[in-house]
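J.: Just so you know, the protein sequences line up as chains A and B, in that order.
Counting in my numbering, the first sequence runs from 141 upward without gaps.
Counting in my numbering, the second sequence runs from 67 upward without gaps.
Hints in this document: simulated from the structure, not taken from any laboratory.
On a predicted model such as this, the values are computed, not experimentally measured, just so you know.
Straight-line Cα separation of at most 27 Å, DSSO-like style, residue types lysine-lysine; simulated pairs:
#1 A:Lys162 to B:Lys308
#2 A:Lys207 to A:Lys149
#3 A:Lys149 to B:Lys150
#4 B:Lys308 to A:Lys219
#5 A:Lys219 to B:Lys150
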Amino acid sequence: MSETIIETKGLLKNYKGRAAVKDLNLNIRKGEIYGFLGPNGAGKTTTIRLLLGLIAPSAGTIEIFGKDLRHEKMNILRKVGSLVESPSYYGHLTAIQNLEAIRRILNVPKSRISEVLDIVSLTGEEKRPVKGFSLGMKQRLGIASALLGNPELLILDEPTNGLDPSGIQEIRDLIKRMPQEHGITVLVSSHLLSEIELMANTVGILHQGSMVYQDSITNLQQRAAGEMRLVVSEPEMALSFVENRGYTGVLQNGTLCFTRMNDTTVAQLVKVLVEKGHAIYRVEERRQSLEEFFLQVVGGVSHD
Amino acid sequence: MRTLGRVLSAEIVKMSSRYLWLLILASPAFAVLIGMSQSEEGPISWEFILSVMGAIHGMLFLPILSGLFTALLCRYEHHNGGWKQLLSLPVSRGSVYLSKFIVAAVLLAAVQLLFLVCFLGVGWWREAGGPPPWEMVLPRILGSWLATLPLAALQLAVSQAWSSFAAPLALNVTFTIPNMLVANSTTYGPYYPWVQPLIAMSPYGADGNFGALNLPLESLMIVVLGSFVLFFTAGLLSFRRKAV
Ligand SMILES: Nc1ncnc2c1ncn2[C@@H]1O[C@H](COP(=O)(O)OP(=O)(O)OP(=O)(O)O)[C@@H](O)[C@H]1O
Ligand SMILES: [Mg+2]
Numbered sequence: 141m142s143e144t145i146i147e148t149k150g151l152l153k154n155y156k157g158r159a160a161v162k163d164l165n166l167n168i169r170k171g172e173i174y175g176f177l178g179p180n181g182a183g184k185t186t187t188i189r190l191l192l193g194l195i196a197p198s199a200g201t202i203e204i205f206g207k208d209l210r211h212e213k214m215n216i217l218r219k220v221g222s223l224v225e226s227p228s229y230y231g232h233l234t235a236i237q238n239l240e241a242i243r244r245i246l247n248v249p250k251s252r253i254s255e256v257l258d259i260v261s262l263t264g265e266e267k268r269p270v271k272g273f274s275l276g277m278k279q280r281l282g283i284a285s286a287l288l289g290n291p292e293l294l295i296l297d298e299p300t301n302g303l304d305p306s307g308i309q310e311i312r313d314l315i316k317r318m319p320q321e322h323g324i325t326v327l328v329s330s331h332l333l334s335e336i337e338l339m340a341n342t343v344g345i346l347h348q349g350s351m352v353y354q355d356s357i358t359n360l361q362q363r364a365a366g367e368m369r370l371v372v373s374e375p376e377m378a379l380s381f382v383e384n385r386g387y388t389g390v391l392q393n394g395t396l397c398f399t400r401m402n403d404t405t406v407a408q409l410v411k412v413l414v415e416k417g418h419a420i421y422r423v424e425e426r427r428q429s430l431e432e433f434f435l436q437v438v439g440g441v442s443h444d
Numbered sequence: 067m068r069t070l071g072r073v074l075s076a077e078i079v080k081m082s083s084r085y086l087w088l089l090i091l092a093s094p095a096f097a098v099l100i101g102m103s104q105s106e107e108g109p110i111s112w113e114f115i116l117s118v119m120g121a122i123h124g125m126l127f128l129p130i131l132s133g134l135f136t137a138l139l140c141r142y143e144h145h146n147g148g149w150k151q152l153l154s155l156p157v158s159r160g161s162v163y164l165s166k167f168i169v170a171a172v173l174l175a176a177v178q179l180l181f182l183v184c185f186l187g188v189g190w191w192r193e194a195g196g197p198p199p200w201e202m203v204l205p206r207i208l209g210s211w212l213a214t215l216p217l218a219a220l221q222l223a224v225s226q227a228w229s230s231f232a233a234p235l236a237l238n239v240t241f242t243i244p245n246m247l248v249a250n251s252t253t254y255g256p257y258y259p260w261v262q263p264l265i266a267m268s269p270y271g272a273d274g275n276f277g278a279l280n281l282p283l284e285s286l287m288i289v290v291l292g293s294f295v296l297f298f299t300a301g302l303l304s305f306r307r308k309a310v
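Full structure from sequences and hints, please.
T.: Set out below in structure tokens:
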């Protein structure tokens with residue numbers, strides 16, 4: 141088993157008596173891309189600010205790289221690159237000057253500036269004051285800043301916010317390459333499951349400050365698998381016939397719907413229907429979309 | 067504190083803002099105008115030139131500039147998540163705070179130096195008697211700089227806490243305006259931090275007759291040191307707990 145990079149125990153953050161994050165036990169391992177998911181106000185940003193020591197927890201402990209954040213904050217932050225909420229920048233400075241200010245603190249070679257500008261495709265714009273940048277360009281600069289110090293852990297809060305489709309694709313590919321090429325661990329937040337699904341290998345779903353679901357993406361996709369639908373002739377008769385034989389289903393707009401079943405059961409069901417003389421026009425598995433699953437997990441209303 | 071040098075060097079990159087440098091010029095330039103226009107019966111003395119040039123500088127400009135510099139140094143951190151980015155880098159909050167204070171103090175020192183140059187220039191131009199009175203002017207330049215540091219400490223404390231640019235300045239002006247009255251009061255003058263730069267700047271020593279202006283330098287420095295320790299510590303403690 142690989143080493144743990146982020147471990148929180150009983151993490152709690154109260155704002156005026158209301159918990160923004162409660163009893164959070166995170167365990168993120170080296171080389172993992174951990175997708176941090178949750179609707180607006182779920183507590184994603186609050187958790188990330190806690191992990192970076194920007195705010196103090198009301199209770200609980202945080203260990204990063206096996207070190208206590210309270211006691212070894214400097215040593216930890218040296219190896220962490222981050223982007224919190226909307227991109228941070230000094231508007232009166234150019235992109236290069238922005239990165240230079242950070243570089244002087246991180247004490248990395250000057251050549252790193254053009255490297256990161258290249259990674260986020262900002263080359264050519266680097267001499268303009270950042271206040272004239274578009275949102276997506278500022279976001280790219282923020283990601284460049286996060287990469288500047290060759291971090292071992294990247295914490296990115298909604299990194300694709302404000303990016304165009306090709307930008308989203310670029311950043312997604314970039315994030316996916318991190319563990320493979322540099323052994324970097326990534327914590328990335330989003331409120332879009334479809335986006336997390338495309339890059340993360342583990343997902344944690346946060347809702348009202350609590351972790352409501354945490355599993356690998358593969359397991360999540362299985363959990364979200366849907367129902368079998370059959371379109372047959374004389375559906376009412378078919379339904380009552382198979383119900384007598386122990387299947388439970390419902391009739392929806394002339395379609396027979398059954399809960400998820402394995403291959404053998406499907407084969408058997410089709411066989412008895414054919415033997416009974418029903419014509420079978422269509423057999424389909426309708427997978428619940430991950431978004432529907434997400435809404436179900438966070439207790440939102442699912443439109444069906 | 068190990069990171070102080072790096073944070074300071076980053077601060078220099080961030081400061082490449084035009085206004086900051088212009089502000090250094092403002093007060094000495096104004097003092098030159100006054101120094102050139104005021105006249106005295108008989109031959110012009112160095113004391114007279116320092117008193118007219120230093121009056122507005124010590125009473126108004128030094129306190130106001132202490133607030134402006136600190137507010138400007140915090141402004142670009144408040145806008146667009148600067149604090150957030152800075153404090154998630156490997157820096158201690160103490161060194162970030164101290165570096166802001168050092169930069170403000172250095173800017174104020176630059177103002178003082180320029181003021182000194184202007185003072186010497188005006189004295190020479192108007193043919194003040196005798197050689198430049200170093201013994202009189204240097205302690206006053208240094209003393210009024212030191213007396214401004216508590217104000218800078220207070221303004222930094224307020225500016226880091228309030229994301230508004232105008233509010234700390236309004237506070238600063240509110241406390242600076244009474245200087246004109248307080249300066250003449252022997253009761254309050256010695257204890258009012260905002261008037262200390264003016265007192266320290268005044269060329270008339272213990273035998274003068276200017277209300278609070280005739281205090282010995284030592285008692286003045288006790289007030290200055292006391293208020294400095296108080297304001298700086300309060301600001302630092304608040305900054306270390308700041309939620310970003
Ligand atoms: N400084 C604060 N004072 C009071 N409440 C706060 C503060 N910061 C966050 N909260 C509350 O904490 C909860 C979680 O906020 P947080 O910003 O962590 O959500 P999020 O998951 O990042 O949402 P989003 O997807 O909108 O970015 C919200 O209910 C918010 O109102
Ligand atoms: Mg957020």
